[in-house]
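Engineer: Following the hints, complete the assembly by docking chain B onto the known chain A.
Listed below, chain by chain, are the residues.
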Amino acid sequence: MKSMKTIGLYLHIPFCIKKCNYCDFTSYESLEQVPEYLAALKKEISNLEKHKFSVNTLYIGGGTPTVLSENQLFSLLNVLHKSIHIAKEAEISIEANPGTLTREKLCLLKKLGINRLSIGLQACQNSLLQTMGRIHTVEEFESNFEAARDAGFDNINVDLIFGLPGQSPEDFEKTLTHVLSFSPEHISCYALSVEEGTKFYEWQKEGRLVLPSDDEERKMYHKAIEILTHEGYEHYEISNFSLPGRECRHNLTYWTYEEYLGLGAGAHSFFDNKRFYNHPGLSEYIESINMSSSAIANIELISEKEQQAEFCFMALRLLKGLSKDAFKRRFNREITQVYESAIDKLKKQGLLQENSEYFRLTAPGLDFANAVFMEFLP
Amino acid sequence: MSIPRERIRNFCIIAHIDHGKSTLADRLLEYTGTISNRKMEEQVLDKMDLEKERGITIKAKAVRMIYRADDGYDYLLNLIDTPGHVDFSYEVSRSLAACEGALLVVDASQGIEAQTLANTYLALENNLEIIPVINKIDLASADPEEAKREIEEIIGLDAQNAILTSAKEGQGIKEVLEAIVKLVPPPEGSSDKPLRSLIFDSMYDSYKGAVAFVRIMDGSIRPRQLIKMMSTGKTFEVTEIGVFNPDMQPVDYLEAGQVGYVAASIKNVIDTRVGDTITDAQKPAKQALPGYRKAVPMVFCGMYPAEGEEYENLKEALGKLQLSDASLFFEPESSAALGFGFRCGFLGLLHMDVVQERLEREYNLNLITTAPSVIYKITKTDGSTIDVDNPTNFPNPAEIECIEEPYVEASIMLPTEYVGPVMELCQEKRGSMKNMEYINERRVILRYEMPLSEIIYDLFDQLKSRTRGYASLDYELIGYRKSDMVKLDILLNGEVVDALSFIVHKDKAYSRGRQIAEKLKEVIPRQMFEVAIQAAIGGKIIARETVRALRKNVLAKCYGGDITRKKKLLEKQKEGKKRMRQIGSVQVPQEAFMAVLKME
Numbered sequence: 001m002k003s004m005k006t007i008g009l010y011l012h013i014p015f016c017i018k019k020c021n022y023c024d025f026t027s028y029e030s031l032e033q034v035p036e037y038l039a040a041l042k043k044e045i046s047n048l049e050k051h052k053f054s055v056n057t058l059y060i061g062g063g064t065p066t067v068l069s070e071n072q073l074f075s076l077l078n079v080l081h082k083s084i085h086i087a088k089e090a091e092i093s094i095e096a097n098p099g100t101l102t103r104e105k106l107c108l109l110k111k112l113g114i115n116r117l118s119i120g121l122q123a124c125q126n127s128l129l130q131t132m133g134r135i136h137t138v139e140e141f142e143s144n145f146e147a148a149r150d151a152g153f154d155n156i157n158v159d160l161i162f163g164l165p166g167q168s169p170e171d172f173e174k175t176l177t178h179v180l181s182f183s184p185e186h187i188s189c190y191a192l193s194v195e196e197g198t199k200f201y202e203w204q205k206e207g208r209l210v211l212p213s214d215d216e217e218r219k220m221y222h223k224a225i226e227i228l229t230h231e232g233y234e235h236y237e238i239s240n241f242s243l244p245g246r247e248c249r250h251n252l253t254y255w256t257y258e259e260y261l262g263l264g265a266g267a268h269s270f271f272d273n274k275r276f277y278n279h280p281g282l283s284e285y286i287e288s289i290n291m292s293s294s295a296i297a298n299i300e301l302i303s304e305k306e307q308q309a310e311f312c313f314m315a316l317r318l319l320k321g322l323s324k325d326a327f328k329r330r331f332n333r334e335i336t337q338v339y340e341s342a343i344d345k346l347k348k349q350g351l352l353q354e355n356s357e358y359f360r361l362t363a364p365g366l367d368f369a370n371a372v373f374m375e376f377l378p
Numbered sequence: 001m002s003i004p005r006e007r008i009r010n011f012c013i014i015a016h017i018d019h020g021k022s023t024l025a026d027r028l029l030e031y032t033g034t035i036s037n038r039k040m041e042e043q044v045l046d047k048m049d050l051e052k053e054r055g056i057t058i059k060a061k062a063v064r065m066i067y068r069a070d071d072g073y074d075y076l077l078n079l080i081d082t083p084g085h086v087d088f089s090y091e092v093s094r095s096l097a098a099c100e101g102a103l104l105v106v107d108a109s110q111g112i113e114a115q116t117l118a119n120t121y122l123a124l125e126n127n128l129e130i131i132p133v134i135n136k137i138d139l140a141s142a143d144p145e146e147a148k149r150e151i152e153e154i155i156g157l158d159a160q161n162a163i164l165t166s167a168k169e170g171q172g173i174k175e176v177l178e179a180i181v182k183l184v185p186p187p188e189g190s191s192d193k194p195l196r197s198l199i200f201d202s203m204y205d206s207y208k209g210a211v212a213f214v215r216i217m218d219g220s221i222r223p224r225q226l227i228k229m230m231s232t233g234k235t236f237e238v239t240e241i242g243v244f245n246p247d248m249q250p251v252d253y254l255e256a257g258q259v260g261y262v263a264a265s266i267k268n269v270i271d272t273r274v275g276d277t278i279t280d281a282q283k284p285a286k287q288a289l290p291g292y293r294k295a296v297p298m299v300f301c302g303m304y305p306a307e308g309e310e311y312e313n314l315k316e317a318l319g320k321l322q323l324s325d326a327s328l329f330f331e332p333e334s335s336a337a338l339g340f341g342f343r344c345g346f347l348g349l350l351h352m353d354v355v356q357e358r359l360e361r362e363y364n365l366n367l368i369t370t371a372p373s374v375i376y377k378i379t380k381t382d383g384s385t386i387d388v389d390n391p392t393n394f395p396n397p398a399e400i401e402c403i404e405e406p407y408v409e410a411s412i413m414l415p416t417e418y419v420g421p422v423m424e425l426c427q428e429k430r431g432s433m434k435n436m437e438y439i440n441e442r443r444v445i446l447r448y449e450m451p452l453s454e455i456i457y458d459l460f461d462q463l464k465s466r467t468r469g470y471a472s473l474d475y476e477l478i479g480y481r482k483s484d485m486v487k488l489d490i491l492l493n494g495e496v497v498d499a500l501s502f503i504v505h506k507d508k509a510y511s512r513g514r515q516i517a518e519k520l521k522e523v524i525p526r527q528m529f530e531v532a533i534q535a536a537i538g539g540k541i542i543a544r545e546t547v548r549a550l551r552k553n554v555l556a557k558c559y560g561g562d563i564t565r566k567k568k569l570l571e572k573q574k575e576g577k578k579r580m581r582q583i584g585s586v587q588v589p590q591e592a593f594m595a596v597l598k599m600e
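Going down the list, the protein sequences come from chains A and B.
Residue numbers for the first sequence follow the working numbering, beginning at 1 and rising by one.
Residue numbers for the second sequence follow the working numbering, beginning at 1 and rising by one.
Next comes chain A alone, as it looks inside the complex (with noise of 0.2 Å):
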């Protein structure tokens, strides 16, 4: 065991029933072909099994992974299990959207071990939710809830986005009420940003997206930050908030740089100081894994200085900060060496603050976060 080494893994299920409205993640409405897809799945994630990891962290995202059917999940996480060591104390996430949950279906994920749910609301009210091209009621998600803590569910984030499109601040505070109501373990809250490819973008560009003003759209953000923090979440992340010990451990993986490996189409990895990505195109993706057991689309070796810049920027998404103790060990320098005059300029603009052992973002650098970021660019 001491030999194995411990990574995060990424499992990408690139379906939708239907593709939102602001989302240009690799997924597609294309159901017919997801055996297909499974199969080549399957394929990539039993060639793992002459690595020896050992999987800490392990997270099935999407698209929808809760729209395949319970066979499909059953032989998916079999695989899984048979071909890679998942840790005892493993986290298993799984993403799922309210209208693709049923009771079995949720007995089922708990049976095969997954023991987090991360939930896709994005808000509570229906007009919203359907500007958004979601699929789904705001009761929907009430009973799904319901439903997972009735399977066994302890661990739920549910997610939440705010700045849409005719959401008003007022509809945002009302949004974060009805989800404390349910106690879940973990909250995201994105901002939105609208995205070339969507249909937000073809929208805005057409004139016909009118989104919060910029002051509407922090004052929803530092509200969610003064209710959650207020209800005893932690606000641990840029976008997270969780109970104590509930972050999500599989996404500090990224944030703490530690090596992760994607699979399925489009997924990223990062290893052995490569980062790396397979086809996000189905076909593309499906045929390579065929042809060739890889679907590896491009492979970047990160140079040091600019393994030092991203140590950098993802610690500091986090509210504890970037340590100086930690970069010194994986860098062998002192940050206070490498960045001196970033630091100091950022401080002097009061976007970064030090102590002892950390920098983290203020207040205000965490709206002009990456005003922070781009200063530790190579």
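Since the hints were derived computationally from the structure, they do not count as laboratory data.
Heads up, some of the hints might be wrong.
Dumping the calculated EDC-like pairs for lysine to aspartate or glutamate here, alpha-carbon to alpha-carbon at most 16 Å [unchecked claim]: (1) A:K305 to B:D484; (2) A:K174 to A:D159; (3) B:K552 to A:E306; (4) A:K105 to A:E70; (5) B:K557 to A:E195.
Here are the computed distance ranges between Cβ atoms for each label pair [said to hold, decoys possible]: (6) B:K568 to A:N78: 31 to 41 Å; (7) B:K294 to A:K305: 49 to 59 Å; (8) A:G166 to B:T416: 56 to 66 Å; (9) B:P332 to A:V338: 15 to 25 Å; (10) B:R579 to A:N47: 43 to 53 Å; (11) B:E571 to A:W203: 21 to 31 Å; (12) B:I541 to A:G245: 52 to 62 Å.
Partial chain A-side listing against chain B, Cβ under 8 Å, derived [what the hints assert, rightly or not]: (13) C107; (14) D214; (15) D215; (16) R218.
In this text, a Cβ means the ideal position worked out from N, Cα and C, and glycines have one as well.
Structural biologist: Below, chain B without anything else, positioned relative to chain A:
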């Protein structure tokens, strides 16, 4: 070189931009066999790419042709090309002084333009024989009779025998050559007198050094002769003389009446000044040829490299340009906003544009220029006077007794239907009308006295847009006049941006200040804090705009561990920031510095 002086004809071509001067010159060269069709690059006389593109000739050149006339004799024709723009009127006058005749080329469909008129008057002052040529008669819109009438009415020349040509089609070329032979008088002067030769242009050659283009008025010149520049008294030993064939071809001697070049290991074109007289150092002429004037820059601006590290390259490039352009002035200056750069002086706006474009094109430099300025004469309360061409040196208003600014007389030729808008424009430009003259029922000349500073601001552009390009403009300096000028400062978050200051008439300061503040608001991106843009005269704020603070710059999510995409976005932001200038705490894009140059 056995052609006697009686059969030499020195002439130039006067024409407006696009009226076909270069094409006509090409045809003359072809017809006389000076250059073969095949070998001929289109329009030999306009050597610089830039000139070709703009259809204007910037620097004078010369070319020599042998023509066997109908009388059976060979004639030596020297064509001296003239710059066609108002900035170079002094150079034009010196080129004209080297000739005995001029072809006045008028576009058969356009008629006479202001610049043509000005140059024709210059030619008449120099006693040149003027041969009217109506060109572009092949065009459907050609109206040769009307063009003739204009020549007669405006200039008072008999145009009944004007030669009709189509340089493009090669029509009328022989007639032009015959007219030159018959009508242009042979050069006067005596080869026995002490040497006097007029420098009408110069160039820099990396092997020969500064080369003077000359017309020998008296005496003769040979290699190894000691010569003296009469304006400076500097002496040189002639290393090579020659003629333009059209390339430089060395000859053994040049004598009175001839046109050619003189090289004498002269290091800098500053020593081959246009208009200067070259004489024999041992047997000098008593008097220099009349009309010499030192080239004086009239328009100044700051030129800065967009990237600070390009400073040395800019310095080197300006040095190289100056080698062949004695009228270009530059000296180092520094700005709090723009760093290290140069204060540059030019003959006029076109000259400035040309230099700027050559720096960007030929030397690959990315430049930021500050608002052009004229030279103001400022009398201080202590009685002293200073020349100010840079707003930075504008004294404290309390120390100013009075300010004078250069005035010009501007002649604008335009179709009558635009008289209203143009008069309005000239009023706006603080002009006072001297007279209005009808050329015929369709065209008119307006003469205004107005400040040069108004012309260099945007008069050309305005004139163009208000007359749909049908007006032409010429101006000449008439002296200094008292004016109520103030210095307008632009402040960003309370800090004066030196590179955005300029000197402006008091009555216009308010509207210009407001316009610039509005324009800056558009181009300065939102920052983490509010940016106050203020325009101020002295300590008084006259306009204010606010760039609202940016509220956030943060990526909510990096999905599925895709760090690369996030990093790219950060890199893009960083790249954008690098292209900005930091003024105090404010990031200012390059476009901001353009905002003061021109207004809509």
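Engineer: Take the hints in turn and mark each one as holding or not.
Structural biologist: Now the hints, each set against the structure:
1. A:K305 to B:D484: violated, 59 Å
2. A:K174 to A:D159: holds, 15 Å
3. B:K552 to A:E306: violated, 25 Å
4. A:K105 to A:E70: holds, 6 Å
5. B:K557 to A:E195: Holds, at about 12 Å.
6. B:K568 to A:N78: 31 to 41 Å: holds, 38 Å
7. B:K294 to A:K305: 49 to 59 Å: holds, 57 Å
8. A:G166 to B:T416: 56 to 66 Å: holds, 60 Å
9. B:P332 to A:V338: 15 to 25 Å: violated, 37 Å
10. B:R579 to A:N47: 43 to 53 Å: holds, 46 Å
11. B:E571 to A:W203: 21 to 31 Å: Given range 21 to 31 Å: holds, Cβ gap about 28 Å.
12. B:I541 to A:G245: 52 to 62 Å: holds, 57 Å
13. C107: violated, 27 Å
14. D214: holds, 4 Å
15. D215: A:D215 check passes; min Cβ-Cβ to chain B is 6 Å, inside 8 Å.
16. R218: Constraint on A:R218 satisfied, holds at 5 Å.
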